[in-house]
Amino acid sequence: MKAFSALIHREFIEHRGAFLLGPLLLVAIVVGMTVLAFTVGRVDVRMTGSIVTGLSTMLFWPALVLCVAWGLYLLAVLFFYCADGFAADKRNNSMLFWKSMPVSDFTMLLAKLIAAVTVLPGAVYAIALLSMALMLGTAQIAMIVNGTSAVTNFLDLGAIFWNVGLIALVQLVVSLLWYMPFMALVGAMAVMVGRWAIPLSLLLPSLVATLEWVTLGGLHPFQTRTWDYVSYRSTMPEAGLVDQWIADGPLGVDVHSGVPYALDLIGRLDWLQVGIGVVFALCVLFLASEYRRRAAAN
Amino acid sequence: MTDTTLHSEPVVTARGLKKRFGGKEILHGLDFDIPAGRIYGLVGHNGAGKTTTLNAMLGLTSYEGTIRVLGEDPFARRAKLMENVAFISDVASLPRFLRVRELFALLSNIHPNFSVDKARDFLSGTDIRPEMKIKTLSKGMMAQLHLAVVMAIDAKLLVLDEPTLGLDITYRKRFYRRLLEDYMTEERTLIITTHQVDEIEFMLSDIMFIRDGDLILHMQMETVNEKFAQLVSNEPETQEAARALGPVYEETRFGQTVFVFDGVARDRLEPLGKVSTPTLSDLFVALMQRPTANPETAR
Numbered sequence: 447m448k449a450f451s452a453l454i455h456r457e458f459i460e461h462r463g464a465f466l467l468g469p470l471l472l473v474a475i476v477v478g479m480t481v482l483a484f485t486v487g488r489v490d491v492r493m494t495g496s497i498v499t500g501l502s503t504m505l506f507w508p509a510l511v512l513c514v515a516w517g518l519y520l521l522a523v524l525f526f527y528c529a530d531g532f533a534a535d536k537r538n539n540s541m542l543f544w545k546s547m548p549v550s551d552f553t554m555l556l557a558k559l560i561a562a563v564t565v566l567p568g569a570v571y572a573i574a575l576l577s578m579a580l581m582l583g584t585a586q587i588a589m590i591v592n593g594t595s596a597v598t599n600f601l602d603l604g605a606i607f608w609n610v611g612l613i614a615l616v617q618l619v620v621s622l623l624w625y626m627p628f629m630a631l632v633g634a635m636a637v638m639v640g641r642w643a644i645p646l647s648l649l650l651p652s653l654v655a656t657l658e659w660v661t662l663g664g665l666h667p668f669q670t671r672t673w674d675y676v677s678y679r680s681t682m683p684e685a686g687l688v689d690q691w692i693a694d695g696p697l698g699v700d701v702h703s704g705v706p707y708a709l710d711l712i713g714r715l716d717w718l719q720v721g722i723g724v725v726f727a728l729c730v731l732f733l734a735s736e737y738r739r740r741a742a743a744n
Numbered sequence: 121m122t123d124t125t126l127h128s129e130p131v132v133t134a135r136g137l138k139k140r141f142g143g144k145e146i147l148h149g150l151d152f153d154i155p156a157g158r159i160y161g162l163v164g165h166n167g168a169g170k171t172t173t174l175n176a177m178l179g180l181t182s183y184e185g186t187i188r189v190l191g192e193d194p195f196a197r198r199a200k201l202m203e204n205v206a207f208i209s210d211v212a213s214l215p216r217f218l219r220v221r222e223l224f225a226l227l228s229n230i231h232p233n234f235s236v237d238k239a240r241d242f243l244s245g246t247d248i249r250p251e252m253k254i255k256t257l258s259k260g261m262m263a264q265l266h267l268a269v270v271m272a273i274d275a276k277l278l279v280l281d282e283p284t285l286g287l288d289i290t291y292r293k294r295f296y297r298r299l300l301e302d303y304m305t306e307e308r309t310l311i312i313t314t315h316q317v318d319e320i321e322f323m324l325s326d327i328m329f330i331r332d333g334d335l336i337l338h339m340q341m342e343t344v345n346e347k348f349a350q351l352v353s354n355e356p357e358t359q360e361a362a363r364a365l366g367p368v369y370e371e372t373r374f375g376q377t378v379f380v381f382d383g384v385a386r387d388r389l390e391p392l393g394k395v396s397t398p399t400l401s402d403l404f405v406a407l408m409q410r411p412t413a414n415p416e417t418a419r
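Going line by line, the protein sequences match chains A and B. According to my numbering, the stretch in the first sequence is residues 447 to 744, in order. According to my numbering, the stretch in the second sequence is residues 121 to 419, in order.
None of these hints come from the bench; they were simulated from the model. The structure presented is a predicted model; accordingly, all values stated were derived computationally and were not measured. The reader is advised that the hints may include incorrect statements.
Just a few of them, taken from the derived set where beta-carbon distance is under 10 Å, the chain B residues facing chain A [what the hints assert, rightly or not]:
#: 1; residue: G179
#: 2; residue: G191
#: 3; residue: E203
#: 4; residue: A206
#: 5; residue: F322
#: 6; residue: V344
Even glycine gets a Cβ: it sits at the ideal position worked out from N, Cα and C.
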């Protein structure tokens, strides 16, 4: 277990640029620009503070959008991590070094996948929380500066932070579980074909659907069982509360939606498919590890 | 030509070891045993099959035949085997994104027989510092670091495949000196391949020559010294007499003719010229001539 944790740590060190340092830099730039905007009078502290004092709950949506933005960033970097990181040992010419360690190829690849669903997205989640805290903190400071800060505002902002943080966390965990087989498939393909896994992983579902259409018939490749299944499995799971939030509008939303959202989302998830996905992920990783075991390391 | 005396369980045993790439057979059924506590030199031309043989021993490639390293099938049990085997196949294979201290910290958790203190100790006389990024190290420093890593692993078998490739003479000498002085014990076995055979000759206990996928010489160094003789002859008459004794190799250098003999008593050669023991590089040149290029050489 110690060795496995070390391998996950290795992944974090190798890819911390994309998952930690890059996002931190982005946050630092945004904070810098915000400070500059207030400093040069581009944003009026008195007006901003007044708006937030009266309508602090309206910050629920910006906080949520901020987390969604970080989620999209994570989606992109995780895809590239799987397509690139699983083949990184070969590309970096360090395959022989890692093969001199008492760790099997399957363990190596499993550590990469586990890193992809734990510490790497965890780092981005931490940055998302930090950026949300900075955004809400800026609003609080604006209220303090214009003298309208009240305990209720502070509690509202705290509630937004906690609830949106919980919503983002549960959404993140559920999405990672849901998409794990895709990540494993892209990673396994990367072991075999390197960065070509990026276009191939996009092409593969179409090829399989076309194969089904050719062999079993159908109106066209995009009306086959394969395509329907891929479409279903590639749709991000979400709770029904989102529709209600949209209907309620930015001012009517209940900021204490974190727990209901989490319970609703967990209840809606197709856990059988999650289980099938985990088994599929382990199978493709095993096949990839057998390929890696046999492929020339130098 | 095999003369290996076995007193204990061999560290490596190979029987009928074959390897094919595509349709081409690279190793043609090698049979050998490597006992514990020896320093083996594995020598051959580029493409002769040295690295393939080492890769088979290290579980890095599949093969036909049987090979056991420390009693294990290396291809089936590589991860387990690596607890007691350390190797350098390419000094540039260290993960370049790490700092030296990060590498040591990771290895202390990944490898049960790795000692951070030993690794730091091996680096103490060098310019390498814990905070340095591996990608900023020079080639020589990278080799020093890699050697420190493998020497800090308490392994029974150490395999070095061209460990000093591309290094200057100072680094090479320092590398081998540290290896011999700080690492080798009676319990450890070292297998090393290099093209600079003269530089490792002093430390070898045994030698293996591979030519075109066949093992053509496998012998203790003491036996090599007894079995092979080099004769330098200047006179045409003595040269004819030498040829009559069946040299395995003949070459004319700067007006002198050099013969290498296999199994000819030295007292028969001494009247014909100056007799000495051939260096490994001389023996390499003598025995490794390909039949197509030099049909009269030994095989």
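Going down the list of hints, with the structure as the test:
1. G179: Where the cut-off is 10 Å and the nearest Cβ of chain A is about 8 Å from G179/B, the hint holds.
2. G191: At about 16 Å, which exceeds the 10 Å cut-off, the nearest Cβ of chain A leaves the hint on G191/B violated.
3. E203: holds (4 Å)
4. A206: holds (7 Å)
5. F322: violated (27 Å)
6. V344: At 30 Å from the nearest chain A Cβ, V344/B fails the 10 Å test, so the hint is violated.
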